[in-house]
Each structure stands twice: as structure tokens, then as C-alpha cells.
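Just need the whole structure built from these sequences, with the hints factored in.
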Amino acid sequence: DVKVSIMAGANQHEFLKELGVKENQIETSDSISSNIAAVSSGRVDATVMTEATLREAVESADQSKVEEAKPFTQPEIGGESVMSYGAAVFRKEDNELREAYNAELKKLIDSGKILEIYEEFGFGEDNLPDDVTTEDRCGQ
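Each residue of the sequence shown is one higher than the one before, starting from 2 at the first, in our numbering.
No lab work stands behind these hints, which were simulated from the structure alone. All of these numbers come straight from a predicted model, not from anything done at the bench. Careful: at least some of the hints might be erroneous.
Pair by pair, the computed Cβ-Cβ distance ranges are [stated by the list, open to error]:
1) Asn12 - Ser35: 16 to 24 Å
2) Ala70 - Ala9: 17 to 25 Å
3) Lys93 - Lys23: 32 to 40 Å
Every residue, glycine too, gets a C-beta built ideally from N, C-alpha and C.
Below is the structure:
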């Protein structure tokens, strides 16, 4: 059986189970480097995480032992594509900081500057999130 390592608490755990991966095929780790080490050592066959995180982890790993799966297609569950989103986290009492962050992020998105930044790091328009909101994601 194929074994997959994921970050403890990651939504990929539910995705994998929905896709038919058995619990005994899923190993959880407490760090990105632990997931990559599990693949490098052969303890597991693969790891899954957000693309930006994965790309950085693979670039800093022993390239002779790991590689990014390309091309990669987001899995479908119940007829819908599922995706993990990177996000920023703020303390609940830091409303002003969160609102300032969101306002600046909106400016980057609306101006198209966010795509320029993505492209600097090897990502493209297909990596931009759809019109998903925090409320959409947190409601799941």
C-alpha cells in the first residue's frame, strides 16, 4: 500500500480519506521538514501540502530523493475540485492589523500586482485563488 505523510491537522487528511486512502496509509508529522524527510528516507511514498510550501521544501531538500509531481491536478471530491489555501493568521484581538492586512491584500489583487509577485516565484494565474472568501473556507 502507498503511504502518505501530511502535516498534523491539515485538511489534506480529510481529502485523502474522502479519496479512499485508508487511515493506516496516512502518517502525520509536526513539520514540513519531517514530511520531506519521511519521503526522502522511503518511510512514505509521498507528501501533500500547499504548492508554495511544497515547492520551497522540495527546493531545499536532496533533489536526488524527492521531486514535485508535475503536472498536478487538484483532486475532485463529490464532483468538485478541492484545494488547500495558504493563509495568514492573526490573534482575535488584532482586528486593526487584520483589517489593514486584508485592505492591502485587496489592493494587490485588484491592481494585478499579486500576479506579478506570484510570477517572481514561479507561479502563474492558475495559482490565484478564485473568488473564495475567508467566510467560505471557515464555514467548511
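Contradicted hints - numbers only:
none
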